[in-house]
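Protein chains in written order, with our numbering: chain Y, 1 to 139; chain X, 1 to 139; chain P, 1 to 139; chain F, 1 to 139.
I should point out that these hints are in silico values taken from the structure, not numbers from a laboratory.
It is possible that part of the hints are untrue.
Which copy is meant is left open, because identical chains are indistinguishable; a pair holds if it fits in one copy or across any two.
[Stated by the list, open to error] Below, in silico cross-link-like pairs of lysine to aspartate or glutamate (DMTMM-like), each with a Cα-Cα straight-line distance of 25 Å or less:
#  : residue 1 : residue 2
1  : K117      : E73
2  : K67       : E79
3  : K71       : E120
4  : K131      : D74
5  : K135      : E75
6  : K7        : D74
7  : K71       : E130
8  : K71       : D93
9  : K138      : E73
10 : K131      : E75
11 : K7        : E73
12 : K138      : E77
13 : K71       : D118
14 : K7        : E77
15 : K89       : E63
16 : K7        : E120
17 : K138      : D74
18 : K133      : D74
19 : K138      : D118
20 : K71       : D44
21 : K2        : D74
22 : K67       : D118
23 : K71       : D84
24 : K71       : E3
25 : K117      : E3
26 : K41       : E75
27 : K89       : E75
28 : K67       : D44
29 : K67       : E120
30 : K89       : D74
4 protein chains.
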Amino acid sequence: MKELIHKTSISVRFSEVDSLQIVWHGNYVKYFEDGREAFGKIHDLGYLQVYRQGFSMPIVNLECNYKSIIKYEDEIEIETRYVDSPAAKLIFDYRITNNTTGQLAATGRSVQVFLTKDGELQLTIPPFFEKWKQKWLKG
Amino acid sequence: MKELIHKTSISVRFSEVDSLQIVWHGNYVKYFEDGREAFGKIHDLGYLQVYRQGFSMPIVNLECNYKSIIKYEDEIEIETRYVDSPAAKLIFDYRITNNTTGQLAATGRSVQVFLTKDGELQLTIPPFFEKWKQKWLKG
Amino acid sequence: MKELIHKTSISVRFSEVDSLQIVWHGNYVKYFEDGREAFGKIHDLGYLQVYRQGFSMPIVNLECNYKSIIKYEDEIEIETRYVDSPAAKLIFDYRITNNTTGQLAATGRSVQVFLTKDGELQLTIPPFFEKWKQKWLKG
Amino acid sequence: MKELIHKTSISVRFSEVDSLQIVWHGNYVKYFEDGREAFGKIHDLGYLQVYRQGFSMPIVNLECNYKSIIKYEDEIEIETRYVDSPAAKLIFDYRITNNTTGQLAATGRSVQVFLTKDGELQLTIPPFFEKWKQKWLKG
Numbered sequence: 001m002k003e004l005i006h007k008t009s010i011s012v013r014f015s016e017v018d019s020l021q022i023v024w025h026g027n028y029v030k031y032f033e034d035g036r037e038a039f040g041k042i043h044d045l046g047y048l049q050v051y052r053q054g055f056s057m058p059i060v061n062l063e064c065n066y067k068s069i070i071k072y073e074d075e076i077e078i079e080t081r082y083v084d085s086p087a088a089k090l091i092f093d094y095r096i097t098n099n100t101t102g103q104l105a106a107t108g109r110s111v112q113v114f115l116t117k118d119g120e121l122q123l124t125i126p127p128f129f130e131k132w133k134q135k136w137l138k139g
Numbered sequence: 001m002k003e004l005i006h007k008t009s010i011s012v013r014f015s016e017v018d019s020l021q022i023v024w025h026g027n028y029v030k031y032f033e034d035g036r037e038a039f040g041k042i043h044d045l046g047y048l049q050v051y052r053q054g055f056s057m058p059i060v061n062l063e064c065n066y067k068s069i070i071k072y073e074d075e076i077e078i079e080t081r082y083v084d085s086p087a088a089k090l091i092f093d094y095r096i097t098n099n100t101t102g103q104l105a106a107t108g109r110s111v112q113v114f115l116t117k118d119g120e121l122q123l124t125i126p127p128f129f130e131k132w133k134q135k136w137l138k139g
Numbered sequence: 001m002k003e004l005i006h007k008t009s010i011s012v013r014f015s016e017v018d019s020l021q022i023v024w025h026g027n028y029v030k031y032f033e034d035g036r037e038a039f040g041k042i043h044d045l046g047y048l049q050v051y052r053q054g055f056s057m058p059i060v061n062l063e064c065n066y067k068s069i070i071k072y073e074d075e076i077e078i079e080t081r082y083v084d085s086p087a088a089k090l091i092f093d094y095r096i097t098n099n100t101t102g103q104l105a106a107t108g109r110s111v112q113v114f115l116t117k118d119g120e121l122q123l124t125i126p127p128f129f130e131k132w133k134q135k136w137l138k139g
Numbered sequence: 001m002k003e004l005i006h007k008t009s010i011s012v013r014f015s016e017v018d019s020l021q022i023v024w025h026g027n028y029v030k031y032f033e034d035g036r037e038a039f040g041k042i043h044d045l046g047y048l049q050v051y052r053q054g055f056s057m058p059i060v061n062l063e064c065n066y067k068s069i070i071k072y073e074d075e076i077e078i079e080t081r082y083v084d085s086p087a088a089k090l091i092f093d094y095r096i097t098n099n100t101t102g103q104l105a106a107t108g109r110s111v112q113v114f115l116t117k118d119g120e121l122q123l124t125i126p127p128f129f130e131k132w133k134q135k136w137l138k139g
C-alpha cells in the first residue's frame with residue numbers, strides 16, 4: 001500500500017497570535033484543516049468533492065499535542081498523512097513543523113465519518129471511497 | 001417615530017486579544033454582529049427570522065471608528081440603534097462602551113440590503129419589513 | 001477530596017456556524033476555553049490570576065470528541081471539571097450539552113503545564129498551586 | 001511621488017465561510033490585514049518592523065464596501081495601496097478581486113496612528129517614518 005502524505009506551508013497571521021505572543025492553541029485546528037484540505041485538493045478528497053458524491057465528513061474526534069511554540073512571522077509547514085482504516089472512517093495524522101526554529105511544533109489526529117445528505121451515518125465504506133482507495137492506495 | 005435601541009453585554013474572550021494585549025480590531029465586527037443579533041431577537045429581526053421571510057440581509061457597508069482599547073477581562077456593552085431609511089436597506093449604528101474604564105471604545109455603522117433566496121437584490125422595501133416598520137416604529 | 005465542577009452557558013454566534021449550517025468543529029476549542037476561564041474566575045485560577053503568580057499555563061494536549069451537532073440559536077452549556085493530578089499539570093474535562101436538543105454535543109480534555117515567565121517548564125507543582133489545592137480540594 | 005501598490009493572493013479557508021455558503025463579512029478585515037502585512041514585508045513596514053522602531057500602529061478607522069460574494073475555493077487577490085497623508089497617519093486603500101468570477105469583491109480603507117510604547121499618541125510624523133517616506137516615495 002502506498003503512503004499518502006502531503007506537505008503545505010502556512011503563513012501565520014497577526015490575528016492568530018495571542019497576548020502571550022504565541023499562536024493561540026485553537027488556531028492549530030485551522031492549520032490541521034488547511035493541511036487536510038490541501039491534501040484533499042491533490043488527492044480528490046476535498047470537502048466539496050466529497051460533498052458532490054453525496055456525503056459530508058464531520059469530524060468526530062480531534063487530538064492535538066503541542067510540542068513547541070509558534071510566533072508571528074514564523075514559517076510553518078503542515079504534513080498531512082492519510083491513515084488507512086477498515087472502518088467507514090477517514091483518519092489523518094498531522095505534524096506541524098516550525099521551519100524558522102527547526103522544531104516540531106505539534107502532532108495531531110482527526111477522525112471523520114461519512115454522513116449522507118439526509119444526515120444518516122454511513123456504517124459501511126461508501127462506494128466512491130472504495131474506488132478512491134483503489135485508485136490512490138493500490139494503483 | 002419611536003427610537004429603537006438595544007444594549008447587550010459581552011465577555012471578551014482570551015482568544016480575541018492580540019499580541020499587543022488588546023482586543024484585535026477585527027473582533028469589533030463580531031461584537032457589532034452580537035449587538036445586531038441581540039437587537040434582532042428582541043425586535044423580531046434576527047438573521048433566521050428574516051430568512052424565514054424569504055430574504056437574507058448581506059452587509060454591503062461597514063464602518064468602525066476605534067476610540068479606546070479593550071483588554072481581556074474588561075466588561076463591554078454594545079448599544080445597537082436602528083436607523084430608519086426610506087430605501088430598501090437596514091441600517092444600524094453601534095456604540096461599544098468599555099464599562100471597566102468607563103470609556104467609549106468604538107462607534108460604527110452597518111448597512112444591509114435584502115436579497116431574495118434566488119440571490120436577487122430587492123430594490124423596494126419587502127412587505128414583511130413594511131409591516132415590521134408599522135409595528136415597531138409607529139405602534 | 002471535593003469535586004470541582006463549573007457550568008456556564010454560551011450563545012452560539014452566527015459567525016461560528018459553517019457552510020453545513022452547524023458550528024464549525026474548531027469553535028469547540030473556544031467553548032472549552034470559555035468553560036475553563038469561567039471555572040477560573042470562580043475558583044481563582046483564571047489566566048490572568050495565574051499569570052500574576054508568575055506562570056503561564058500553555059496547553060500541551062487537547063482532545064475533543066464530537067457527539068452531536070450544534071446549530072445557530074441552540075443554547076449550549078459547558079461543564080468544566082477539574083481533574084486532579086500528582087504531576088505539575090492542570091487537567092480539565094469538558095462536557096458540552098446542547099440544551100435545545102437535550103443531547104450531549106461533545107466531551108473533551110485539556111492538559112496544561114506551568115511555564116515560568118522565563119519560559120522554563122516547571123517540573124514540580126508551583127507553591128501557589130499547592131496552596132490552591134489545599135484551599136479548594138481539601139477545604 | 002511614486003505609487004506604492006502590493007498585490008497578494010489569498011486562499012479562502014473552509015472555516016471562513018458562513019451558513020449562507022459565502023465568506024463571512026468579518027473575515028474581509030483579516031484579508032485587509034493580510035494585504036497590509038504583505039505590503040509591509042515588501043516595503044519595510046510590517047507590524048514587527050514598526051514595533052522595533054518603538055511604535056505600534058493601532059487602527060482608528062476601518063471601512064469596507066462589499067461588492068460581490070466570495071465562495072469557498074474562490075481565488076482572491078488583495079491589492080493594498082499606500083495613501084500618503086501629511087498627518088501622522090498611515091492610510092491604506094484595499095481592493096479585493098475574486099479571480100474566480102472576475103468580479104470586484106470589496107473595497108476598503110484603514111487608517112492607523114502611531115502610538116509610542118508608553119501608549120502615547122504621536123502627533124507628528126515619527127522620524128523613522130519620515131525616512132521611510134524619503135526612501136519609498138521620493139527615491
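These are the hints, each one checked on the structure:
For the homomeric pair K117 and E73, the shortest alpha-carbon distance between copies (21 Å) is at most 25 Å, but the shortest distance inside one copy (41 Å) is not. Only within a single protomer do K67 and E79 lie at most 25 Å apart by alpha-carbon distance; the minimum there is 15 Å, versus 27 Å between protomers. In this assembly of identical chains, the alpha carbons of K71 and E120 lie at most 25 Å apart only when taken from different copies (17 Å versus 41 Å within one copy). Taking the shortest alpha-carbon separations for K131 and D74, neither the intra-copy value of 39 Å nor the inter-copy value of 27 Å comes in at or below 25 Å.
For the homomeric pair K135 and E75, neither the shortest alpha-carbon distance inside one copy (33 Å) nor that between copies (28 Å) is at most 25 Å. For the homomeric pair K7 and D74, the shortest alpha-carbon distances inside one copy (16 Å) and between copies (21 Å) are both at most 25 Å. Neither within a single protomer nor between protomers do K71 and E130 lie at most 25 Å apart by alpha-carbon distance, with minima of 41 Å and 29 Å respectively. When the C-alpha separation of K71 and D93 is checked against a cutoff of 25 Å, the pair qualifies only within one copy, where the shortest distance is 23 Å, while the shortest distance between copies is 28 Å.
For a Cα distance limit of 25 Å, the shortest separation of K138 from E73 qualifies neither inside one copy, at 40 Å, nor across copies, at 29 Å. In the homo-oligomer, the alpha carbons of K131 and E75 never lie at most 25 Å apart, since the shortest distance is 36 Å inside one protomer and 29 Å across protomers. For the identical chains of this complex, K7 and E73 are neighbours both inside a copy (19 Å) and across copies (19 Å), given an alpha-carbon limit of 25 Å. Proximity of K138 to E77 under the C-alpha cut-off of 25 Å is found in neither arrangement, the shortest distances being 27 Å within a copy and 39 Å between copies.
Within a single copy, K71 and D118 get their C-alpha atoms only as close as 42 Å, which misses the 25 Å cut-off; across copies the closest is 16 Å, which meets it. For the homomeric pair K7 and E77, the shortest alpha-carbon distances inside one copy (7 Å) and between copies (23 Å) are both at most 25 Å. In this homomeric assembly, K89 and E63 come within 25 Å of each other (Cα to Cα) both inside a single copy, at 16 Å, and across copies, at 18 Å. Taking the shortest alpha-carbon separations for K7 and E120, neither the intra-copy value of 33 Å nor the inter-copy value of 31 Å comes in at or below 25 Å.
With identical chains, the CA atoms of K138 and D74 are never at most 25 Å apart, being 37 Å at best within one copy and 32 Å at best between copies. In the homo-oligomer, the alpha carbons of K133 and D74 never lie at most 25 Å apart, since the shortest distance is 36 Å inside one protomer and 28 Å across protomers. Taking the shortest alpha-carbon separations for K138 and D118, neither the intra-copy value of 31 Å nor the inter-copy value of 44 Å comes in at or below 25 Å. For a Cα distance limit of 25 Å, the shortest separation of K71 from D44 across copies, 19 Å, qualifies, whereas the shortest one inside one copy, 32 Å, does not.
For the homomeric pair K2 and D74, neither the shortest alpha-carbon distance inside one copy (32 Å) nor that between copies (31 Å) is at most 25 Å. For a Cα distance limit of 25 Å, the shortest separation of K67 from D118 across copies, 17 Å, qualifies, whereas the shortest one inside one copy, 40 Å, does not. Neither within a single protomer nor between protomers do K71 and D84 lie at most 25 Å apart by alpha-carbon distance, with minima of 33 Å and 31 Å respectively. Neither within a single protomer nor between protomers do K71 and E3 lie at most 25 Å apart by alpha-carbon distance, with minima of 31 Å and 32 Å respectively.
Taking identical chains as interchangeable, the C-alpha atoms of K117 and E3 are never at most 25 Å apart, the minima being 30 Å within one chain and 42 Å between chains. Proximity of K41 and E75 under a CA criterion of 25 Å is satisfied in both settings, with 22 Å inside one chain copy and 14 Å between copies. Within a single copy, K89 and E75 get their C-alpha atoms no closer than 31 Å, and across copies no closer than 29 Å, so neither meets the 25 Å cut-off. In the homo-oligomer, the alpha carbons of K67 and D44 never lie at most 25 Å apart, since the shortest distance is 31 Å inside one protomer and 27 Å across protomers.
Taking the shortest alpha-carbon separations for K67 and E120, only the inter-copy value of 14 Å comes in at or below 25 Å, while the best intra-copy value is 37 Å. With identical chains, the CA atoms of K89 and D74 are never at most 25 Å apart, being 33 Å at best within one copy and 28 Å at best between copies.
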